[in-house]
Structure formats: C-alpha cells, structure tokens
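Protein chains: 2
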Amino acid sequence: MDLERYLAARGRLVERALAARFPPARARLRQAVRYSLLAGGKRIRPILALAAGEVCGAPARRVLPFACALEMIHTYSLVHDDLPAMDDDDLRRGQPTSHKVWGEGLAILVGDALLTEAFRVMAGARGVPPARALGAVAEVAAAAGEAGMVGGQALDLAAEGSRASLRRVQDIHRRKTGALLRSAVRVGALVAGADARTLRRLTAYGEHLGLAFQIADDILDASGDPEADGRTDHELGKATYPGVLGLAGARAAAARERDAALAALRGLGRAAEALRALAAYVVARAS
Amino acid sequence: MDLERYLAARGRLVERALAARFPPARARLRQAVRYSLLAGGKRIRPILALAAGEVCGAPARRVLPFACALEMIHTYSLVHDDLPAMDDDDLRRGQPTSHKVWGEGLAILVGDALLTEAFRVMAGARGVPPARALGAVAEVAAAAGEAGMVGGQALDLAAEGSRASLRRVQDIHRRKTGALLRSAVRVGALVAGADARTLRRLTAYGEHLGLAFQIADDILDASGDPEADGRTDHELGKATYPGVLGLAGARAAAARERDAALAALRGLGRAAEALRALAAYVVARAS
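Just so you know, the protein sequences line up as chains A and B, in that order.
FYI, this note's numbering numbers position 82 of the first sequence as 403, with every residue one higher than the one before it.
FYI, this note's numbering numbers position 49 of the second sequence as 370, with every residue one higher than the one before it.
Honestly, the hints are just simulated from the structure, not real lab data.
Built from N, CA and C at the ideal position, the CB exists for glycine as well.
It cannot be assumed that every hint is accurate.
Here are some chain A residues pointing at chain B (derived, C-beta under 7 Å) [as the list claims (entries may be wrong)]:
| no. | residue |
| --- | --- |
| 1 | 433 |
| 2 | 434 |
| 3 | 438 |
| 4 | 465 |
| 5 | 475 |
Can you build the whole structure from these sequences, using the hints too?
Following this line, the structure appears as structure tokens:
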C-alpha cells in the first residue's frame, strides 16, 4: 500500500475536523488553542484510531470525533510538558512553545481547555451507540489519567537527572506515551464495535507499537534529529532507551517491538494493511 | 428541614466516595492529589447534584460518581488557579497551596489528573443508562471547557488589573463559577432521567444559584472573610460585584438571584426542600 498517500489523506481529514471544531475567534484562549492544535504534527494517534476502526468495518467519519479527541489530548500534554515547571522547552516543531507566545497562565489554560473539550467531542459524537461512546470515553480517560499519561509524566518529573534502570524507563514510557497510542488503536476498535478477539489482537498491536514508537523517538532524540517529537529528553538527562541500551541495542529493541506488533495482526487480512504499514513506518523513522 | 444535618450527611457521603476513589499510595502524584482533594471544602457542587437527583427520584448512590466528578473538577480548577502564573496564591483554606507543597510541575499534573479522572469516574458509573451517562459527560465537559470555566478563567486572566464593567464581571463569573454550579444541578437531573419541564426548572434554579453564589463569594472576599472560596480577587484588582455595585448593591443582587432561584422551584413540592435550603444558605453566608 501507498502509506505516504494514506497518511496524507487521513491527516487532511483530521486537520479539517480539528480546524472546524475550533474556528478562528477573537478570544485569546481560542487563538492560543489554534496555535498549538493546528501547528502540524504527524497526527499519528488519530490516524491509528481511524485505521483500527477500518479494520473493524467502521467508516472514518464515525471514528473521526474520537480521533480528534486523541489529538487534542496529545496536544494538551505537549503544551503542559513544555511549561517552565516541566521540561521548560522554548521550541516545539521549530516554533516557539505556547507559553513563550501566550504566557504561562494562558498556556496552562490551553491544555486544560483541550483536555476538557476532548471529552466533549467524544460525548457529542453522532451515529455511535451511547454504550460504545461511553466505553471510548472510559478508555481514553484511563490512558490519559493517573495510571497512564499523567502518571507517567509525574514519574518522569521525579526521575529527572537520575540514572534510571531499563525497567524504570519502560514503565515511564509505557504510561507516558504508550498508553495513549495503545488507546488510540483500542478506541477505533471500540467505536466500531469490534469482537473480543479482534480487540485483543489490536490491543497487543497497540501496546507493541507504543513501545516501538517511543524507542524510535528516543533514538531520533539522541541523534539530535528535529523530527523527534519535540523532546529534548537526552539533554534533560532523562531516562531514554539509547541511554540504557546504547544506540544499536535500542534499534534492535524497536525492531523487536515492531515485529511483535505485526505478529499481533496475523489473521486480520488485508483490512489491517494500513496498521502494518504504520508499524513499519514508526520504526523506519529511526533507522 | 435541617440543612446543617443534610449538608453534613451528604458531605460525608461525598468525602468517603472521593477517599475510596483515591486510596493512599506511594506515588507522589497520588499523595498530591489527596492533599488537595481531601482538604475539606463545602462540597457544594456534589451536594447540589445529589439534591437535584433526589428531586427527580434518583437515589444518592446513583448520582454519586457524577457528584464526585464535579468536586474533582472544582478541585483541579482551584489547584491550577492558585499557580504562580495565575492567581499566585500561597494559601487555600488556610493550608499551603498545592504548588507550595509539591512544586509547580506536580501541581499542574495534579490538576490534569483530577480533570481526566473526573471523566473516567463518570464513564465508569454503574446502574446508569449509557445515554444518560454520556449526556452528563457532555454537560460537564461543556460547563468546564472553553465556553465555560476555562474560558471564564482566561477572561479573568486578561481582565486582571483593569476596571471591568458589570456586564463583563457577570460574563466572567457566569462562565468561571456559574457554569459548573448550574451543570451540577443539571447533571443530577440528567442522571435521574428528569423530564424536559423539570430539567428546565432545575436549569433556571442552577443559573440563578450560580450567580447568587458568586456574588456572595465576592462579598465575603471583599470583607476579608477566610470563608470565601480561597480567592483574593479583591486584592488582585479583579472584577468583583462589590467593586462594581458597592457592598449594599451586591447584597441586594445576591438576594434577587436567590429569590429567582427559589421561584424556579415552584411546583416541585417537598422533594425540592434541600435545593431551597441550599439557595438560602448560599446567600446567608454573605449577609
């Protein structure tokens, strides 16, 4: 399959839906939300949700509100992570970070607004049975909350500057990045009403993909590639895979996770081609 | 009715449910969440939700998860509002604020976690038809989001130090405080499956109560009463009712809103006694 084309088409879909959800307005909060939300990015999480939905027969438009919610939550986490009290980043994807442009107070509110509106978008989705939509809300909240992303970020904050073990690095990444990626895949399946077996397979795929993604991101980061997800973990002395395993070891680990992700899709046939290509793509970025 | 007793009993119910949801754990994030969430407070929002549910025949245990979610969102908003980049408060209910105890980074994450977990609690509520639970999620997200609380806080941030008109003060308060109070009443009704007419009445009640509450809070604040909701708007030169209407004018406005709230409950009979007593209580605090 032509992944470039697929990514571009799905990315446009997400882009348009996000822009329509937050049209230009005079309020500074809205402007600041648009600044961060519509600043580009690979839109990997929403595309994963759409692709997982397709595997289970759901048209993209049905999964789209949930896909947008995932990107809004991802964006909120970046805005808050960049704050001076957290990673203190001045640049994100080559542009000044939210707090640099709008001030710290408004940047905090941008994150709060995006997180809240993400749940509003999901709760307001049309054409999805309420029980499924509610399941997706529960899924995303669990992935983004204390046991997932926020909890991972708190561990990361505590681990800063200290030498972390591989196990610790894995735990932090699994929660900080892996949980939301995994839930992106699961949300697509849940909204589509996947059967238990397919959901299990897609969950395993999402889990391995999440790890592969983070290892690849760490590798890009260590090699100073600006394609890395805006992170400067290496400079911050944070726990990273190359830091623990070395560059070659990290590359081998990423390939292993990719292969495990692909293995989980066995039996899902041609419908899972996009997910397969995405797994390969995520790791290829860093090799 | 014996409001004191009612408040104490309902308050205990909420207190126990919140503590059970966040049991003690080693993680600093959990400790910091408990520090702010279980630090006392009047629990007005959850009690309003429970009381509105009762009017429509819903037992307290059914509304309780939603009531807890409202208190979690209220607490997150206090933790973020207290941050140095916002109101920069050192004390909240006589105790050091979250960022003073746990540091700014963790305080931001405490708010993020509480906001996210609030939606998780609602999505995981048992015994409520999914369509109703989803309606409650949409209601709370709308009240807490860009058009409501977060948007109001952004306006407040922008208005700081400037002379605001009454209209502007009302708009800020309606969004910053009123929206969540109104939604607390509506959520109780929605979860209980209230008919359209009752929902309209309770919505009007919630709207007037929200305004009465904020005017009363401004009055307490202006008179330096530590019972005020931890705010120091007066010192911050923020827009307040006494600042615009004078103390006597603000008191009259609070009484008018209380009367309008009571009028909205006409026809709801004895089941609405708790809501009536709450309206009187909210204003009596400040007179």
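Structure-based check of all given hints:
For the restraint placing residue 433 of chain A at the interface with chain B, the shortest Cβ-Cβ distance is roughly 5 Å, inside the 7 Å limit, so the hint holds. With 7 Å as the threshold, the beta carbon of residue 434 of chain A comes within range of chain B, its nearest partner Cβ sitting at about 4 Å, so the hint holds. Below 7 Å, beta-carbon pairs count as interface contacts, and residue 438 of chain A has one with chain B at about 5 Å; its hint therefore holds. For residue 465 of chain A, the suggested interface contact is upheld, since its CB lies about 5 Å from the closest CB of chain B, less than 7 Å.
Satisfaction of the interface hint for residue 475 of chain A is found here, the shortest Cβ-Cβ separation to chain B being roughly 4 Å, below the 7 Å cut-off.
Every hint, counting from the list given before, is met by this structure.
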